[in-house]
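Engineer: Sequence:
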Amino acid sequence: VKIRVLGPRKKLPQFESRGACSKSVWNQHVETQSFTTGRRAHDNSLATHAGRRTGATVHVEVNYNHASKMDEVVIVAARRTAIGSFNGSLADIPASSLGAAVIRQLLVDANLPPEGVDEVILGQVLTAATGQNPARQAALEAGLPVTCPALTINKVCGSGLKAIQLGAQAIMCGDASVVVAGGQESMSLAPHALPGSRTGQKMGDWKMTDTMIKDGLWCAFNNYHMGVTAENVAAKFEVTRGQQDEFAAKSQSKAVTAQKAGKFSDQIVPIPIPQRKGPPKMFEHDEYIKPASTETSLQGLRPAFQRDGSVTAGNASGINDGAAAVLLMSARRAARAGLTPLATFKAFAAAGVDPKVMGIGPVPAATLALRKAGWTARDLDLVEANEAFAAQACAVNAQMGWDAEKVNVNGGAIALGHPIGA
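Under full-length UniProt numbering, the first residue of the sequence shown is numbered 1, with each subsequent residue one higher.
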């Protein structure tokens with residue numbers, strides 16, 4: 001960046017955000033701008049060289065041959081654990097250990113030494129009593145050097161995806177070239193808490209709080225379970241009980257078919273489960289899938305959240321344990337390493353909606369992401385979308401207008417399970 005002062009002063013003036021731009025000229029590689037500084041100087045990187053007088057004209061020339069160009073980001077490896085049922089096979093394995101196992105396998109897949117990772121970003125929702133920065137715990141347990149920073153984030157069900165977005169942005173901005181990003185969760189190990197215990201209870205019963213529900217499944221704004229938000233979506237978008245049960249049964253059927261065909265085998269990192277006697281058993285198959293679940297059997301379940309509701313345990317996602325992550329690289333770094341990308345980032349977006357209907361959030365977010373990419377929903381060949389509840393999944397499919405047969409072709413969270421941070 002070249003900056004030249006036009007005027008009698010030799011010192012560089014401080015910039016003021018209200019300065020009026022008088023000229024802007026673009027060509028293929030160079031942008032030039034001239035503007036007049038205002039009266040109030042701001043504390044910025046130029047302040048140490050700036051004069052105190054105002055009114056000078058500054059000529060700025062940016063040579064884009066030398067300016068940082070946004071890197072294209074690719075996924076070069078993707079792994080996950082098999083998903084465990086609540087209090088199932090993974091019940092005694094901390095989330096950070098599940099994440100560590102995934103990180104180690106990503107490095108093997110990419111033939112990357114531990115010191116080659118610039119940062120680790122992992123989502124985890126349930127962190128009560130897990131210790132500081134669970135992502136950092138996972139990184140060090142995986143054998144990454146202590147010089148590798150790590151960040152744990154919580155965006156509830158969107159935590160893992162947000163971690164991946166942050167990793168991609170770090171690479172695009174030139175802050176990193178290799179990032180591990182994803183999520184980890186042990187819902188089974190989420191503790192019960194005793195609020196107020198620091199000051200004591202003089203008399204009466206003392207109620208404990210289930211942190212799994214309070215921190216993971218409870219709407220903090222409306223003081224009710226996430227299942228009620230699914231009922232709200234069903235009512236607002238006219239999703240019937242029959243549609244929900246049909247969707248849930250299809251999710252189970254697709255997952256059963258995919259599992260039998262071995263479609264998950266190259267995704268899953270086996271987790272050793274200690275036994276009382278003998279060697280550990282390897283956990284390497286999703287255990288939450290319900291092969292016997294059919295539309296008929298689902299119709300017999302009672303509503304779980306409202307007496308006259310339509311959301312049941314069968315057409316909602318499960319309570320589960322697991323971890324998943326991807327290895328992100330700049331396209332140039334991947335090419336130098338001889339790695340074939342699994343996917344390339346084209347766009348990402350986030351959106352907020354009324355918490356009462358939180359499950360419809362993918363609609364404005366996906367719409368914005370498609371707009372950024374210059375695509376439409378009909379341009380998509382495959383869609384992976386969260387199935388928190390069949391009610392919201394059906395509503396999202398209808399609102400987006402994409403081909404539902406292209407969505408979650410190997411089953412979704414209703415069948416596979418939903419370790420929220422992952």
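Bear in mind the hints are in silico, worked out from the structure with no lab data behind them. These numbers come from a predicted model, not from an experiment. Be careful, since some hints might not be right.
[Unchecked claim] Think about it this way: if two alpha-carbon atoms lie no more than 25 Å apart in a straight line, the pair counts; the simulated BS3-like pairs of lysine-lysine are: (1) K155 x K356; (2) K214 x K406; (3) K162 x K214; (4) K236 x K372; (5) K290 x K162.
[Stated by the list, open to error] Between beta-carbon pairs, the in silico distance windows are: (6) A313 x Q275: 56 to 66 Å; (7) G174 x D266: 45 to 55 Å; (8) T147 x L301: 28 to 38 Å; (9) Q201 x W375: 33 to 43 Å; (10) G278 x T240: 31 to 41 Å; (11) D205 x G131: 49 to 59 Å; (12) T240 x I273: 35 to 45 Å; (13) E295 x K406: 48 to 58 Å; (14) G131 x T367: 51 to 61 Å; (15) A128 x D308: 28 to 38 Å.
Cβ coordinates follow ideal geometry from the N, Cα and C atoms, glycine included.
Engineer: Against the structure shown, which of the earlier numbered hints fail to hold, in ascending order?
Structural biologist: 2, 4, 5, 6, 7, 8, 9, 10, 11, 13, 14
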